[in-house]
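**Q** Mind docking chains B, C and D on chain A? Use the hints.
Number of protein chains: 4
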Amino acid sequence: MRAVVINCTLKPGPEQSNTEALAEVVAAELRERKVEVDTVRAVDLDIRPGVQTDMGPGDGWPRVHDTLLRAEILIMATPTWVGHPSSVAQRVLERMDAMISETDDAGRPVAYDRVAGVVVTGNEDGAHHVTSEITGALGDIGYTIPGQAWTYWHLGPGPGPDYLDTDQGREWSHKTGRAMAANLFAVAEALAARPMTAPPE
Amino acid sequence: MRAVVINCTLKPGPEQSNTEALAEVVAAELRERKVEVDTVRAVDLDIRPGVQTDMGPGDGWPRVHDTLLRAEILIMATPTWVGHPSSVAQRVLERMDAMISETDDAGRPVAYDRVAGVVVTGNEDGAHHVTSEITGALGDIGYTIPGQAWTYWHLGPGPGPDYLDTDQGREWSHKTGRAMAANLFAVAEALAARPMTAPPE
Amino acid sequence: MRAVVINCTLKPGPEQSNTEALAEVVAAELRERKVEVDTVRAVDLDIRPGVQTDMGPGDGWPRVHDTLLRAEILIMATPTWVGHPSSVAQRVLERMDAMISETDDAGRPVAYDRVAGVVVTGNEDGAHHVTSEITGALGDIGYTIPGQAWTYWHLGPGPGPDYLDTDQGREWSHKTGRAMAANLFAVAEALAARPMTAPPE
Amino acid sequence: MRAVVINCTLKPGPEQSNTEALAEVVAAELRERKVEVDTVRAVDLDIRPGVQTDMGPGDGWPRVHDTLLRAEILIMATPTWVGHPSSVAQRVLERMDAMISETDDAGRPVAYDRVAGVVVTGNEDGAHHVTSEITGALGDIGYTIPGQAWTYWHLGPGPGPDYLDTDQGREWSHKTGRAMAANLFAVAEALAARPMTAPPE
Chain A
1 MRAVVINCTL KPGPEQSNTE ALAEVVAAEL RERKVEVDTV RAVDLDIRPG VQTDMGPGDG
61 WPRVHDTLLR AEILIMATPT WVGHPSSVAQ RVLERMDAMI SETDDAGRPV AYDRVAGVVV
121 TGNEDGAHHV TSEITGALGD IGYTIPGQAW TYWHLGPGPG PDYLDTDQGR EWSHKTGRAM
181 AANLFAVAEA LAARPMTAPP E
Chain B
1001 MRAVVINCTL KPGPEQSNTE ALAEVVAAEL RERKVEVDTV RAVDLDIRPG VQTDMGPGDG
1061 WPRVHDTLLR AEILIMATPT WVGHPSSVAQ RVLERMDAMI SETDDAGRPV AYDRVAGVVV
1121 TGNEDGAHHV TSEITGALGD IGYTIPGQAW TYWHLGPGPG PDYLDTDQGR EWSHKTGRAM
1181 AANLFAVAEA LAARPMTAPP E
Chain C
2001 MRAVVINCTL KPGPEQSNTE ALAEVVAAEL RERKVEVDTV RAVDLDIRPG VQTDMGPGDG
2061 WPRVHDTLLR AEILIMATPT WVGHPSSVAQ RVLERMDAMI SETDDAGRPV AYDRVAGVVV
2121 TGNEDGAHHV TSEITGALGD IGYTIPGQAW TYWHLGPGPG PDYLDTDQGR EWSHKTGRAM
2181 AANLFAVAEA LAARPMTAPP E
Chain D
3001 MRAVVINCTL KPGPEQSNTE ALAEVVAAEL RERKVEVDTV RAVDLDIRPG VQTDMGPGDG
3061 WPRVHDTLLR AEILIMATPT WVGHPSSVAQ RVLERMDAMI SETDDAGRPV AYDRVAGVVV
3121 TGNEDGAHHV TSEITGALGD IGYTIPGQAW TYWHLGPGPG PDYLDTDQGR EWSHKTGRAM
3181 AANLFAVAEA LAARPMTAPP E
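Chains as they are written, first to last, in our numbering: chain A, 1 to 201; chain B, 1001 to 1201; chain C, 2001 to 2201; chain D, 3001 to 3201.
Think of the hints as simulated: they come from the structure by calculation, not from any bench.
Check each hint, because a few of them may be wrong.
[Said to hold, decoys possible] Stretch by stretch, here's where chain C covers chain A in the computed footprint (C-beta under 8 Å, at least three residues):
{"id": "1", "stretch": "26-40"}
{"id": "2", "stretch": "147-154"}
{"id": "3", "stretch": "164-173"}
[Stated by the list, open to error] Selected chain B positions facing chain C (in silico; Cβ < 7 Å):
{"id": "4", "residue": "1010"}
{"id": "5", "residue": "1045"}
{"id": "6", "residue": "1049"}
{"id": "7", "residue": "1050"}
{"id": "8", "residue": "1054"}
{"id": "9", "residue": "1087"}
{"id": "10", "residue": "1090"}
{"id": "11", "residue": "1091"}
{"id": "12", "residue": "1094"}
{"id": "13", "residue": "1100"}
{"id": "14", "residue": "1137"}
{"id": "15", "residue": "1164"}
{"id": "16", "residue": "1168"}
{"id": "17", "residue": "1172"}
[To be verified] Quick list of in silico lysine-lysine cross-link-like pairs, DSBU-like style, CA-CA up to 30 Å:
{"id": "18", "chain 1": "C", "residue 1": "2175", "chain 2": "C", "residue 2": "2011"}
{"id": "19", "chain 1": "A", "residue 1": "175", "chain 2": "A", "residue 2": "34"}
{"id": "20", "chain 1": "B", "residue 1": "1175", "chain 2": "B", "residue 2": "1011"}
{"id": "21", "chain 1": "B", "residue 1": "1034", "chain 2": "B", "residue 2": "1175"}
{"id": "22", "chain 1": "C", "residue 1": "2011", "chain 2": "B", "residue 2": "1011"}
{"id": "23", "chain 1": "D", "residue 1": "3011", "chain 2": "A", "residue 2": "11"}
None of the values given here were measured: they were computed from a predicted structure.
Glycine included, every Cβ here is placed at the ideal spot set by N, Cα and C.
Bound conformation, chain A alone:
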């Protein structure tokens, strides 16, 4: 089984990413279950604005699209900015929009039988909303969202330290992240054993 973490931080590599650090807890738990995990740092690729799978020469998206199609498990990892998923996360979702119309030989959208979850970091507040925004979009595209398939680290109220700056709350975020990994894995296995059917006419 394969998973892909799309890290939607605004910071180019190799700058330290809080979001990646928390996503790594989930990835580690998946590796315990023999899942191979790829990581994509989307801001480092030249992902063009648009809603088709290939937006022309130099577009960094087609390679990510291929990685998505190889993975049964998707983890969208994003910081919260102005209370929303990052612009990089929204760009990724816009490019995934074309997958709604891509179907397999059985006429099923390509995202069927795949599962997705969300990792959020930031100071202040916003993780539940960011998670709902992302899982809502991924559900449209055809991903199944297992129960309790998210974790986050936020420390409100008001501005404050980042996830990597303090130990406060980390234990909860990590435990929740390990449960997320277990749930992604369990539902991905269930759907691999018993796939979804083609939409009725």
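**A** Just chains B, C and D, lined up with the frame of chain A:
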């Protein structure tokens, strides 16, 4: 297999409910698959404000709670008001909040292995947001949200007719509702055959 | 000048309300500016489901509606439940929906020249989203939302104490609440001095 | 008085933009009131990811930032993608985030006394949510959001034509857009005549 439709219209019975009418398309498709479908019109029960499973004498919630625990499939059906799920839908979600802490003998939240989807009606606009709000909350509680497990009928821009007032757009909403039923059923069966595991320590 | 705080806690009076306690910081700052402040605990009234100003005998809404029309400043105060405004807050917004069609002698919606802000409490996370949901709806109805007209207290990540259980973060929430009061007052005064015009044909 | 329209379409110029076309209705109504209106097509600038006002050589943002500071009125115009503001709109909001800490000589955030509204286009559904997301963020930054300061064009349910492809619903969207312009203008004038005060200590 059992399903429950919670109709969160603001209108008391037996007044005609657009939301119920569209939800019925999904229910009919489930019955084709031998699923037994219950319907609850939440506004007709005296569901008290609060976040515990039993808010005392006269509280209408405990009976709904029992119905939820008998059903592998949940369909939340709601009108859009001021762009949001109805107050009745939010009341239902608040009362479901206690289910996060209710676990089975294996230590799994009671919503594990259950699936949920959303039906939305209204004039103007708002279905994708309403769906994300509801599925985000149900995912917290432990429900799995199958890919493309929603349908809606809205007719924008601006005010206009209700779902039952016109044929416009109905065919699309019905087809999408049948796909929703198929996806709910497929994922519920997959999880019945291969249940989720208890959260890791 | 008059203000009204609508406290949308789920708890009936006289139970202690965290939301009321934080809203009181804003109210006190308004009183410093000679604003008369009324408070409504909505859950204690029998506010019926529906979207008309009077839903019949026993309906508790018409009295709140009158209070709204006497006040230049509205403060919606709500706990966060499952990441959303409370069902009581949503009920209030649904009943306010009818105000879109209520106009004054000049043909202006009755909410014109009135301002609104939001107070949010809860454990975990969600205040910015709750604020956006409520101000978005109030903007539809015709309320003007001054810059930085909100405060909140949330302490994430994960479950934890309530606002009244700890001193952590209070100072920031109170300072932000005093700024909110100043901004509500300043914009209400500006609109009183120079009212909005009727919508163009 | 000056206004700026930030068009957040994903399409590079000079491709035809539905969003720009609807925003132009609002701009024309502002020009009737002697407001000078600038338009920025954000996707054509190289606006770098980040949350500071200047992200280094080649960054296209500082020029937009200057335009914002010259304008009393801001119109964010965006298509809806996967139910959300476009990635270009979110990028703009992220770059505006730094304005929270930029203050004038009186210690007031630079966005005080400025007003903002939203124009949304798309097929399907989502305008009220997109508006709430954007106005919520702009309110954090310090913009005042006048009552009824938005318009949109969406045609649900399901996929369908774009705004420029059909006349359906246009009249309503235009009338609502003219009211939006009048409300932005009226509140901007009121705040120019009677400015907001500095936040209390």
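**Q** Confirm or reject each hint.
**A** So, going through the hints one by one against the coordinates:
no., hint, result
1, 26-40, "violated (count 0)"
2, 147-154, "holds (count 3)"
3, 164-173, "holds (count 3)"
4, 1010, "holds, 4 Å"
5, 1045, "violated, 12 Å"
6, 1049, "holds, 4 Å"
7, 1050, "holds, 6 Å"
8, 1054, "violated, 15 Å"
9, 1087, "holds, 4 Å"
10, 1090, "holds, 4 Å"
11, 1091, "holds, 4 Å"
12, 1094, "holds, 5 Å"
13, 1100, "violated, 9 Å"
14, 1137, "holds, 4 Å"
15, 1164, "violated, 17 Å"
16, 1168, "violated, 23 Å"
17, 1172, "violated, 26 Å"
18, C/2175 <-> C/2011, "holds, 26 Å"
19, A/175 <-> A/34, "holds, 19 Å"
20, B/1175 <-> B/1011, "holds, 26 Å"
21, B/1034 <-> B/1175, "holds, 19 Å"
22, C/2011 <-> B/1011, "holds, 24 Å"
23, D/3011 <-> A/11, "holds, 24 Å"
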